[in-house]
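Participant: With the hints in hand, could you dock these two chains into one complex?
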Amino acid sequence: MKAAPGSALWLLGHELRLAWYGSAVSGGKRRPGIVSIVVWIVAWAVLHAMAFGLLSALGKHPRDDALLGVLAGGVLLVLATFMLSGALKACTLALFERGDLDLLLSSPLPSRSIFAVRLLGVAASSAALFLFLFAPFAHVAVVLGRPGWLAIYPALAALALIIACAAMLLTLALVRVLGARRTRTLAQVLAAIAGALLFLLTQSANLLRGDDHPLAQSAQHLMERGLFAPGSPLWLPGRAALGAPLPLLGMAALALAAFVLTVGRTHRFFVHGLQQAAGIGHATARPTGAVRFRFRSSLFDTIVVKEWRLIARDPHLISQVLLQVIYLVPLLFVILRNNNASGPAIATGLTLLCGSLTAGLAWIVISAEDAPDLLLSAPASVRTVRLAKLAACTMPALLVVALPLLWLMAHGPLTGLMVAFTVTGAVLGAALVVQWVGRPAPRSNFKSRGKENFLCSMLELSTTLSWGGLAWTLVALVTAPADWVAVAAAGALALALATLLLAWLFRRRRM
Amino acid sequence: MTADSLAPVTAPALQLRALRKHFGRPAVDGLDLTVRRGELYALLGPNGAGKTTTLRMVTGLLAPDAGQVEVLGTDLARDPAAAKRRMAYLPDDPMLYGKLKPPEYLEFVAGLWGLRPEEAEPRGRRLLDWLDLSKHAHELTEGFSRGMKQKLALAGALIHEPELLILDEPLTGLDAAAARQVKDLLLSHVAGGGTVILTTHILEVAEKLAQRIGIIRQGRLIAEGTLAELRERTAGGSLEDVFLQLTEQA
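The listed protein sequences derive, respectively, from chains A and B.
In terms of our numbering, the first sequence opens at residue 1 and continues consecutively.
In terms of our numbering, the second sequence opens at residue 1 and continues consecutively.
Chain B on its own, in the form it takes in the complex (with noise of 0.2 Å):
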């Protein structure tokens, strides 16, 4: 019996507790965090609160100095592979290879998820003709656009159809029409059952897409809830608003 089937399937998409990470200073300091399956959650945050620690800690590339990471009901530290099997993550940066070609680093990343070939193929396929990516198919990646790469990236986030998706600034330096396409794909994936997690400075972005905010400053959650929920605690006005006023408040 694995871990993967001993997880309750009631248990949220993430959940952290106590998390703590400090770099000389504290990066992330105690957070309480529980995002519930099947929703869009974004991560507001001032530079510098903690949100790419946090995500990094979340996603085991960090370990944390103290608190637990549980993932769908998996606890990251106790078994990491359980848990990194069902979620990606996408940061800031693509995780690309210049050298290599769309499709061979779809089959790379089909690797490292252990995917059979049988079923990593025809969702290489789709992923590739879903992002335009097809007619670039023969090409190196290194001369990609930011754009072409962040859509590339994804669709190697999702060729293992992970039920938690965590991204970095996705939408950072694309344009209109590839963010567009991104927006579309995380909004399926959710309508889907997955759920997504994100960090965004486009506050629009999220006060689009996102049900349910998580606002973050000095590594502690400062607030939380849907949009209208925060708008309650303060005067209102445009998620730039809320955020600026409950940033300014802390």
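This is chain A alone, in the form it adopts within the complex (with noise of 0.2 Å):
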């Protein structure tokens, strides 16, 4: 049945036609080739594997639907956190940066229409990747007897319209409070650690636990007899992803009211937001007093203060490089209650944690140089311009690092020492490497630069790894010194500088 051109659903069909088009199992191609297919038919055979031999030995134990259904439950939270920064990008993208919608809204199409049909795609979109991962165990469960598990199909359906309605509210109701261009700031800055956010909390939850501050006890309390405790209503989409007809039904009917409130409430501030957006681009004359100069009389200074507002002012990479620094905090916590804070572990995240970290702000600083040209066409001297480009990228994780590691030196000097040698080493390593085989690209693509350039990106690991494994052998030399430790950290140190000379080897000529 073809849908007639014009309506709702012809344009639902538009919407996930395009979706496909931009979607991983496509590659972006209208049709996808032979080899995306195999590998995409691959992958799914390998989750239903998984799922078998999963549900196989859940099989083993006695029944527990109460357990089922907090597990069940726990993974949909999960999966929410994900969808709802899935959804927020995609309505941020709806709204701020595709350019179909003002040919959308100069059609004879109900904007109410098209607002609904936007949704439905941003929910779709939200649904797509889980329902890929998870519809498996569906499948498993039915072939094992237990076809209510079915219900995994509408809970996530479910799941992501009400994530995309939260989404889509969220960013209008941010577009009112603050106005466009700082929603979608926001907006990219909170799908990104949206993700995150979920790490921490499962760490602060295990850093707390036997714990006897009150904080622990309080969440003890929670998953006793508060809102964690199996017969909470917080578990009632767990239980109706495993095929409880009431609750499937009770998320069925929340999720259509999220939608057609939505729709009904919202479509018109959708287009004022719309009108908003489409004005984003434009700058207003303030009168904001004089203008203040302050020009600096080194080369390097200016390249140095350049690089960092450039970055400061950007809190969209900013939270995608912080991002990095979020799975920090638990280790900081580690380090902080621990007075033996000598182990390898510590240094060795420490030591990873910068060189990614640097490998990001390199890329950043070096590889998307928005006006390459600016700096060639100049005077100015290459080498300044490299060293000045390489301390604007590596400061920042030394800074950020400085407070553990004087902690560290504290409490046990001579691993402080390794640690700060191969923390150092590691920064370095990461600057150096995308000083040498880094490709210019536009920083849009941050995260995308690893598919981009293959090389600076396996190179990138190597040199990060190798300093971690260091960080470890060396500390762990320290604390029990071995010959086979000693031979470990030999290996790791030669890799590591292994990794720079293949860097340099390769490295890009410039002019």
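There could be a bad hint or two in this list.
As the list claims (entries may be wrong) - Restricting the straight-line Cα-Cα distance to at most 25 Å, the calculated cross-link-like pairs of lysine to any residue (SDA-like) are:
#	chain 1	residue 1	chain 2	residue 2
1	B	Lys135	A	Ala441
2	B	Lys149	A	Asp370
3	B	Lys101	A	Pro372
4	B	Lys101	A	Ala391
5	B	Lys149	A	Arg182
6	B	Lys99	A	Val305
7	B	Lys149	A	Arg292
8	B	Lys99	A	Arg443
9	B	Lys149	A	Arg309
10	B	Lys101	A	Arg294
11	B	Lys149	A	Trp308
12	B	Lys99	A	Pro442
13	B	Lys99	A	Pro372
14	B	Lys208	B	Ser238
15	B	Lys99	A	Gly179
16	B	Lys99	A	Ala441
17	B	Lys101	A	Val189
18	B	Lys99	A	Arg439
19	B	Lys101	A	Leu234
20	B	Lys149	A	Ala368
21	B	Lys99	A	Ser297
Claimed, not checked - Computed list of chain A residues with no C-beta within reach of chain B, every gap over 12 Å:
#	residue
22	Arg17
23	Val78
24	Ala312
25	Ala378
26	Asp483
In short, the hints are calculated from the structure, not lab data.
Note that the structure is a prediction, hence the values are computed from the model and not measured.
Even for Gly, the Cβ is constructed at its ideal location relative to N, Cα and C.
Facilitator: Now the structure itself:
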């Protein structure tokens, strides 16, 4: 059946087609290649096999529906944060970045239909990946005699719709409160950190476990009798996904109500939000006092200040980079809580984090230079420009790690020195690899930088891992010396240096 | 003694000798060109003629396969810094940073050209006022219109008071008022003894502003002279007629 041109159904087909072209499965092509299809089929088969293994193992134990509901509910909670992250990105895209809404809104289609279809598109794109990942569980469960698990399909669809509505409402509310320009930035930041917040929550639970701190006691209470107790309504979506009829009906009704209310109550504001978004690129003159200059006599300082300004004024980019630092927070807790802060794991963690943070910043500062021609056409010393850029991308990581390093040095000077050495090596190694083999790219490509320059990302990984390995072995040598650890340390150092040599040999020729 | 001081003051503003660049096919093919000091020279040619490639080689952004570039008597290959110090380049797509404000952009460019703060500040202030950008001094350039971006890039190009100003399609996408401002600025640069080399597809601009016009096709100079001299070589008419006759003949 073909939908009539100009109908909401026809528009939905168009929306889904565009989403398909932009999906990972199609690889950005209208028709995916044979290799791509085979890879996805094999991946799905592997997922079915994994689901079979897991569900078979589960079948050997006595059936506990309440516990299963809690497990499924936990999984859905995790999915909800990832879906929210994706949906916020999709809403930002729909409202601010896609150029087709002017065309749609200037057509005779009612704005309500356009909004409804766009919202369904956001929901569909949020649900697609998770349906791919979790549908195998539904299929295998049917084979193993649990047909109720087919409810994974409607439960995930309902969850995606609820999340899409929440994301759209949040984005539009932000537009109303902050204006379109700030919303765009904030929504991008929220989308970036939504996934990481869950990691922090799980880590905080681990850190509080077994503690007599009041916070830990409150958490324990919540687990046993409060929000997270097995009988809590929080786990109803989990039971819905496993086929409990009433929770499933409730979830479907909630999704439908959210969709109808969101479309009905906010489609006009959606159009208003678009009008605000259309004005994002236009500067208006503001009376703001005299022009103030701050010329510097040092080229080095000028470049470092310019790089830091560009990074500091791009909250979206900062959020992407800081995602890596967020994972440092639990590590800091471990260091500050334990007096015996000499563990190889901590040394490795700090080294890996600083290496990857520097690699991200180096990509922004060196590869994503906005005006390379300006630098090339200037009489400035290439050496000074390169050194200043290296300083601009290495200093932030060294500053971030300064406090934990001081703490380590105070508690174990030799360990602290070892970690300072490996952190410095990782930071310099990552920056030099990007300096030598990085390729120019626009800043917007930050997330896909690994795909675009495979050699650079492999060398980045190799240098960071080898410095991380060296950190582990050096600290292990301090605490429990052994011959094999010394050999491993020498190997890690050799690998780190060999990676740098390789990067230098493959360095790009620049004018 | 620096290379700048060694360069003869009578040397042309730009001298290209047998300049060549291949990108699979010849983009610039043995180009010889001389631009005198104190003139506004328009380099014209159909799409793909090699205009931008030539300018990029002149400004040191692209290494030639063969040939020589001399800027105000300084060999670009031998002493690039000395040559670059005395010229400025404004490409079709302004070289700006969206997250910088106009004064910050000028601070950065002044730093690249090694200007002392005490000489850069009055120039920066004057340029922003002259180009009507002072009232936008507290805004990020990412929100600027095409014309405002072009004017800011021009301010950056002029802050070190270059003797040779090279512009690639400087008037594309500008409204009438901004185009007038840019044209006035170029004329005033030439009146002050500076040299301007520009490429443009807007032939009326070349007709009205340029003292001499060079026409290139397939990387070679096929005609050069004043508008009157070019008219003599063809059946006459407007620059558009002359341009079309010359490029179709070649």
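Participant: For each hint, tell me whether it holds in the structure or not.
Facilitator: Tested hints:
| no. | hint | in the structure |
| --- | --- | --- |
| 1 | B:Lys135 with A:Ala441 | 32 Å, violated |
| 2 | B:Lys149 with A:Asp370 | 14 Å, holds |
| 3 | B:Lys101 with A:Pro372 | 18 Å, holds |
| 4 | B:Lys101 with A:Ala391 | 23 Å, holds |
| 5 | B:Lys149 with A:Arg182 | 22 Å, holds |
| 6 | B:Lys99 with A:Val305 | 12 Å, holds |
| 7 | B:Lys149 with A:Arg292 | 19 Å, holds |
| 8 | B:Lys99 with A:Arg443 | 12 Å, holds |
| 9 | B:Lys149 with A:Arg309 | 19 Å, holds |
| 10 | B:Lys101 with A:Arg294 | 12 Å, holds |
| 11 | B:Lys149 with A:Trp308 | 22 Å, holds |
| 12 | B:Lys99 with A:Pro442 | 14 Å, holds |
| 13 | B:Lys99 with A:Pro372 | 15 Å, holds |
| 14 | B:Lys208 with B:Ser238 | 11 Å, holds |
| 15 | B:Lys99 with A:Gly179 | 19 Å, holds |
| 16 | B:Lys99 with A:Ala441 | 17 Å, holds |
| 17 | B:Lys101 with A:Val189 | 23 Å, holds |
| 18 | B:Lys99 with A:Arg439 | 22 Å, holds |
| 19 | B:Lys101 with A:Leu234 | 49 Å, violated |
| 20 | B:Lys149 with A:Ala368 | 20 Å, holds |
| 21 | B:Lys99 with A:Ser297 | 22 Å, holds |
| 22 | Arg17 | 32 Å, holds |
| 23 | Val78 | 35 Å, holds |
| 24 | Ala312 | 8 Å, violated |
| 25 | Ala378 | 4 Å, violated |
| 26 | Asp483 | 53 Å, holds |
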